[in-house]
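Q: Listed below, chain by chain, are the residues.
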Amino acid sequence: MERFKLSLAGREKISYMIILIICLVLLFGLIKLQIVEHRDLAIQSENNRIRVVPIIPRRGLVTDREDRIIIDNRPSYTLSVVPAEEARGTTLPNLAELLNLDTLEIRNRIKKNLVSRYQPSTVKRDIPFEVVAILEEQSKRFPGVTYHMEQVRQYRPELGVEVVTGYVGEVSEEELKRPGSQGYRLGSLTGKKGLEKQYDKLLRGREGTAYIEVTASGQILGEYQERRPVPATPGTNLTLTIDNDLQLACTQALDTFCCGAVVAIDPRNGEILAMTSYPTYDANMFSSVIPESTWQEISSDTTHPLLNRPIKGLYPPGSTVKFVAVGAALEEGMISPNATLKPCPGGMQFGNRFFRCWQPSGHGTLAAAGSLEQSCDVFLYQVGLKLGVDLLSEYYDRCGFGHRTEVDLPNEDPGLNPNSGWYDNHYGVNKWTSALVLNNAIGQGELLATPLQLTLFFCGLANGGVVYQPHIVKKITHAFGGELEVTPRIAFTLPFSPPTMEVLREGLRLVVEGEHGTARRLRNDLYSVGGKTGTAQNPHGEDHSWFVGVAPLEDPEIVVCAIVENAGHGSDVAAPLVGQIIRTYMEKKLHLEPITMTGEASRP
Amino acid sequence: MTLNYGLLDWKLVGAALALSLIGILLIMSAQYYADSTFQQNYYLRQLLWLGIALAVFALVVHLPLRLFDFTAPLLYSVSILLLILVLFLGTARMGALRWFSFGPVNFAPSDFAKVALIIVLARFFAYTKLSVMSTRRLGISGLLTLIPVALILKQPDLGTSLVFFVILFTLWFWSGLSPLYMLLIVSPLISLVAASHWLAWSIYIAVLIVFLLLFRPGFVFSFLTVVANLAFGIITPFMWGRLADYQRLRILTFLNPGLDPRGAGYQIIQSKIAIGSGGILGKGFLSGSQTRLDFVPEPHTDFIFSVLGEEFGLWGSLLVVLLFAFIFFRIVRIAVRCRSKFASLLVMGAGSIFVFQFLVNTGMTLGFMPVTGLPLPFVSYGGTSLVLSWTLIGFIVAADYRWQEY
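Here the protein sequences come in this chain order: A and B. Going by this note's numbering, the first sequence wraps up at 604, each residue one higher than the last. Going by this note's numbering, the second sequence wraps up at 1010, each residue one higher than the last.
These are computed hints drawn from the structure, not numbers from a lab. Mixed in with the good hints there might be a few duds.
[To be verified] The following residues of chain B were derived to be distant from chain A, with all beta-carbon distances above 10 Å:
(1) Thr606
(2) Trp614
(3) Leu654
(4) Leu671
(5) Thr675
(6) Leu734
(7) Val790
(8) Ile839
(9) Leu847
(10) Lys876
(11) Ile884
[To be verified] In silico DSBU-like links for lysine-lysine, alpha-carbon gap of 35 Å or less:
(12) B:Lys615 <-> A:Lys13
(13) A:Lys192 <-> A:Lys475
(14) A:Lys474 <-> B:Lys615
(15) A:Lys177 <-> A:Lys111
(16) A:Lys140 <-> A:Lys312
(17) A:Lys589 <-> A:Lys197
(18) A:Lys475 <-> A:Lys201
(19) A:Lys111 <-> A:Lys192
(20) B:Lys615 <-> B:Lys758
(21) A:Lys13 <-> B:Lys733
(22) A:Lys588 <-> A:Lys312
(23) A:Lys32 <-> B:Lys615
Positions of the beta carbon are idealized from the N, C-alpha and C atoms, including for glycine.
Please take these sequences and the hints and turn them into a complete structure.
A: Here's what the structure looks like:
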């Protein structure tokens, strides 16, 4: 047993040994951290304290051709939650009550925008000032909730110009996965529709980078002195071809109807002076996250407020495109300008079907220009039969139908211009008859066009056959100076020779000026107007009412195209509507009356 | 009682004073950018406490050691009473009933109990006639330790209760018990860990039996050791299965803090970053970003060594380690020199607290010890801790001064 007893000297030695070992272990630990791993740990220490924060640039302003604001920025409050500081069972229920949102929805938004538990995660943009006041007064009820100022887009719903502007929204995860999404982060704003989408890269500018010093709890101490911030580049300003006065006139003109669209273009350069779709939505709605119920309401609305009718609305163009068939027949030498065809008794038998003219009493004997003046269907049936499906389709194609106009707006629809290949595909080979060409010649049947395509075709008619590329942006002004004026570019030329053009122009004139013209009511003493009415049958209800007007006829400056859905005859509804818009334009041009319609000051 | 002051161990006192002053400097730096002036002024409070601690030290040096010898049972009883009372009257902080609050002053009875245990064990070992290895001697000293440990575990405070075991083991060792013997006493705990895998446990039990056959520490003791090992090894897996998930996690996190990167593991990672980023020369006084920006938790108390490592680098850390090493060696030398068995044990007991807390605290900041919440003696912020350290230095200096007395 005694061998387990240690002598004093032995105990002393062991004690010294233990102390020495402990000190050596610590020395080893210190050398490992402070010499061997020093470089790594020093970097980690720097990364700990510096947080890279994006500096969000001011998004570019959008103005009309006279520098009047169309899209502005305004300061707003954005509400965020710092998850690390949030009190379970207190913050979210109180917040849900305050914002009138579901706790689960708030939780999802926090998760969606989460960068770090110590960083604010955006819950709702553009909260009203009353909410900020409540947050400020009763901050104890909302632990972890913060808010900060942010610029949001300010649109002008009274202009009804949403088809052009579109709106911005938070970038979606799918959008982030797409190529070319560099520079976007979760929570970034990006254009979702319209020019906000088309010109997003220009409008958003370039984010800058600030380096700030933070504590472990994410509390911001201030700028990090040893690294200079990279300033943000403000977004580019855009000047549009839109004229706010005319735009307002278009929107107000449609106000009394259910649904419709108006496009106005300067045929001399392709500048879109006004473009509207009715009914539309308020783009300001999207600056904060819209509640699910509102979204449901908009998307299930049978008047389709989200549909961009001018570039995505597909309609049978009706009689407005009769110029194509008549022009084609003249060009192909199948008819001559003054020769008449078989008289119109109010319809025509073809095969076992009777094709009616819109005028049951008939038009009698007509020549080319007269057929356009009175919009005689029977004349066109005969022309169509002479041309055949494919030749007519080729002319439609060369007049711009069936393919995109390539206007500088996203998601344009190409429309539909059927030929025999398409019919073979659609109905089967030999399963269709040439009777279809009768419908195509009067702009019915499978032929579908957007209001923009139709406007463009009339621009060609008004401008001696030359069609300029339609565009919405007139001038690009960079933040640090430097301007880029968009120069007009010829898109295509109508396939008609000057003599043919002369006949078509005459038709255009007679519709308004002629004794039997379908739009005689547009006649006035101050300026000359030309145009063409259209009454498009559609299987879903009442006829669509079309009119495309050109003024002044001697030297056209404006082409206005209007469609009013399910409103009946073109001459009754669309024609006076276009007449009113043209009148607004001409009054302003000729200074006939002081223009007081918008009553706004231009921006300095 | 007059002393010949020239004969006091001024070198030891100087080293302890240097550590205390370095501590005040580091506390100042750790809270220099704190939000409240109250926190910013921690170092001034510590300076005040240092004054009190030095007064207590002076008092202890002037008192005859025999006084503590005689009053040992009384001191021990009082300490136990206080440990019971704190469970009822203490102020709860961070989920533990550890302190009595007297206005701004917090008094932890466990600090007093440490001193009381050293004194009572030193007295018991100094005068008992029982042989070193007798089961009764081990049993009585073990019981004296387990009573305060049980009360402290109730608070709960695992780290501090470990200090009591360290005192017991050190005094067992210093009164002559072989380390091999002590290894056998703690062997059931090894069995507990080894029991996580049946193969490891089987090998361990085989090694244990061979070990006992080789050294033959006595039949009764060997028998009890084997039975205890078997019992721990067999019961553990059953107990483990019956624990709730959070309890298991707590035990696992205690054994391996890396399992909980946002909790204890996070603190250790940040402490390592702080010390490592200091490099050889350090970032300079008041310039440690890790501590200044709250990445290191409790930089003025438990993690004060991280502040040192970050701001003063390797040379600063080495200086402190050397000061401690000097104190430790000095303590062993004094303990060896003392003719009084009681004084010698008292000195070693005091030294054991210093060594253990130094190892566990610095080891924690360097990342190879679990987070236990034990302060660094002399350096960490805390009034009672500082007074305790200086009381112990008082015992040591007094014992050294009277080394010839029996």
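Q: Confirm or reject each hint.
A: Evaluation of the provided hints:
Distance to chain A confirms Thr606 of chain B as a non-interface residue, since its nearest Cβ pair spans about 32 Å, more than 10 Å. For Trp614 of chain B, the condition that its CB be more than 10 Å from all CB atoms of chain A holds, with the nearest at approximately 21 Å. Residue-level check passed: Leu654 of chain B sits 25 Å from the nearest beta carbon of chain A, beyond 10 Å. A cut-off of 10 Å between C-beta atoms confirms that Leu671 of chain B is not in contact with chain A; the least separation is 26 Å.
Chain A leaves Thr675 of chain B outside its interface by the beta-carbon criterion, the shortest separation being 27 Å against a cut-off of 10 Å. The claim that Leu734 of chain B is not at the interface with chain A holds, since no C-beta of that chain comes within 10 Å of its own (minimum 13 Å). With 10 Å as the threshold on Cβ separation, the claim that Val790 of chain B sits away from chain A holds: the shortest Cβ distance comes to roughly 15 Å. Here Ile839 of chain B stays apart from chain A, with its beta-carbon at least about 29 Å from theirs, past the 10 Å limit.
For Leu847 of chain B, the shortest C-beta to C-beta distance to chain A comes to about 25 Å, beyond the 10 Å cut-off, and the non-interface label holds. At the 10 Å boundary, the C-beta of Lys876 of chain B falls inside the reach of chain A, the nearest C-beta of that chain being 6 Å off. Non-interface status of Ile884 of chain B relative to chain A is broken: a Cβ of that chain comes within 10 Å, the nearest being about 6 Å off. In summary, the hint linking Lys615 of chain B to Lys13 of chain A is supported, as the alpha carbons are separated by about 22 Å, within the 35 Å threshold.
Taking the CA atoms of Lys192 of chain A and Lys475 of chain A, the gap is about 22 Å. The hint holds against a cut of 35 Å. Our distance criterion of 35 Å between C-alpha atoms is broken by Lys474 of chain A and Lys615 of chain B, whose separation comes to about 88 Å. At roughly 18 Å between alpha-carbon atoms, Lys177 of chain A and Lys111 of chain A fall within 35 Å of each other, so this suggested pair holds. With a C-alpha separation of about 51 Å, the suggested pairing of Lys140 of chain A with Lys312 of chain A is violated against the 35 Å cut-off.
With a C-alpha separation of about 33 Å, the suggested pairing of Lys589 of chain A with Lys197 of chain A holds against the 35 Å cut-off. Pair hint Lys475 of chain A plus Lys201 of chain A holds up; C-alpha atoms about 16 Å apart against a cutoff of 35 Å. A C-alpha spacing of about 22 Å is found between Lys111 of chain A and Lys192 of chain A, which places the hinted pair at or below 35 Å, so the restraint holds. About 40 Å separates the Cα atoms of Lys615 of chain B and Lys758 of chain B, which puts this hinted pair outside 35 Å; it is violated.
Proposed proximity of Lys13 of chain A and Lys733 of chain B is supported: the alpha carbons are some 26 Å apart, at most 35 Å. In summary, the hint linking Lys588 of chain A to Lys312 of chain A is supported, as the alpha carbons are separated by about 30 Å, within the 35 Å threshold. A threshold of 35 Å between alpha carbons decides the hint, and for Lys32 of chain A with Lys615 of chain B the separation of about 31 Å falls inside it, so the pair holds.
Of the numbered hints given earlier, the model fails hints 10, 11, 14, 16, 20; all others are met.
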